[in-house]
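S.K.: Sequence:
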Amino acid sequence: MDSKIKVVKTTSENPDFLSLIKTFDAYLWERYPELKANYWGNNIIELNPNVVVIYRNEKPVACGCFKKYDKIAIEIKRMFVSPEARGLGLAQRILQELELWATELGYSVSILETLHKQQEAISLYQKVGYAIVDNYEPYVDSENSVCMRKQI
141 MDSKIKVVKT
151 TSENPDFLSL
161 IKTFDAYLWE
171 RYPELKANYW
181 GNNIIELNPN
191 VVVIYRNEKP
201 VACGCFKKYD
211 KIAIEIKRMF
221 VSPEARGLGL
231 AQRILQELEL
241 WATELGYSVS
251 ILETLHKQQE
261 AISLYQKVGY
271 AIVDNYEPYV
281 DSENSVCMRK
291 QI
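Everything in the sequence shown is counted per my numbering, starting at 141 for the first residue and increasing by one.
No incorrect hints appear here.
Once the Cα atoms are required to be at most 16 Å apart in a straight line, the calculated EDC-like pairs of lysine to aspartate or glutamate come out as:
id	residue 1	residue 2
1	LYS208	GLU277
2	LYS207	GLU239
3	LYS290	ASP210
4	LYS199	GLU224
5	LYS144	GLU224
6	LYS207	GLU253
7	LYS207	GLU244
8	LYS144	GLU198
9	LYS146	ASP156
10	LYS207	GLU186
Estimated spans, in silico, between C-beta atoms of each pair:
id	residue 1	residue 2	range
11	ASP210	ASN284	17 to 25 Å
12	VAL249	GLU174	26 to 34 Å
13	LYS162	ASN284	16 to 24 Å
14	VAL249	LYS149	17 to 25 Å
15	ASP281	LYS144	40 to 48 Å
16	GLN291	GLU198	31 to 39 Å
17	GLY269	ASP210	16 to 24 Å
The hints are simulated quantities; they were obtained by calculation from the structure and are not laboratory data.
We put the beta carbon where it would ideally sit given N, CA and C, even for glycine.
With the sequences and hints as input, model every part of the structure.
M.R.: Below you can see the structure in the form of structure tokens.
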């Protein structure tokens with residue numbers, strides 16, 4: 141059976157987004173227990189109007205969002221694809237949707253931070269044009285962080 145993919149632009153109040161983020165946080169806490177205490181403050185999502193949720197066969201399986209970083213740049217946040225939906229190109233689809241949305245709003249640069257153990261994510265970001273850069277605030281002194289940048 142072919143899976144039906146639907147992309148929805150929404151906000152951080154979307155219950156499907158919140159559910160995916162809860163699953164994402166549990167995954168990260170399991171993989172990085174040493175960071176839970178002092179790192180997760182950087183991943184609190186205040187009310188965000190720039191959220192994408194992807195549904196596969198009407199089930200929410202992937203998400204991402206961006207927030208304004210400065211006058212020309214957005215920061216990609218909370219990129220997650222459920223384990224059962226990995227390998228389908230959904231992370232690339234989320235990035236495309238977020239980058240297009242950001243350019244429509246007048247931004248020309250996209251930045252993001254991931255963790256050094258997230259080799260799959262780093263490879264994906266490099267594949268779609270992101271380059272590793274010096275860590276930006278608030279990650280400057282974080283040895284676990286890998287920061288990346290792309291012109292959009």
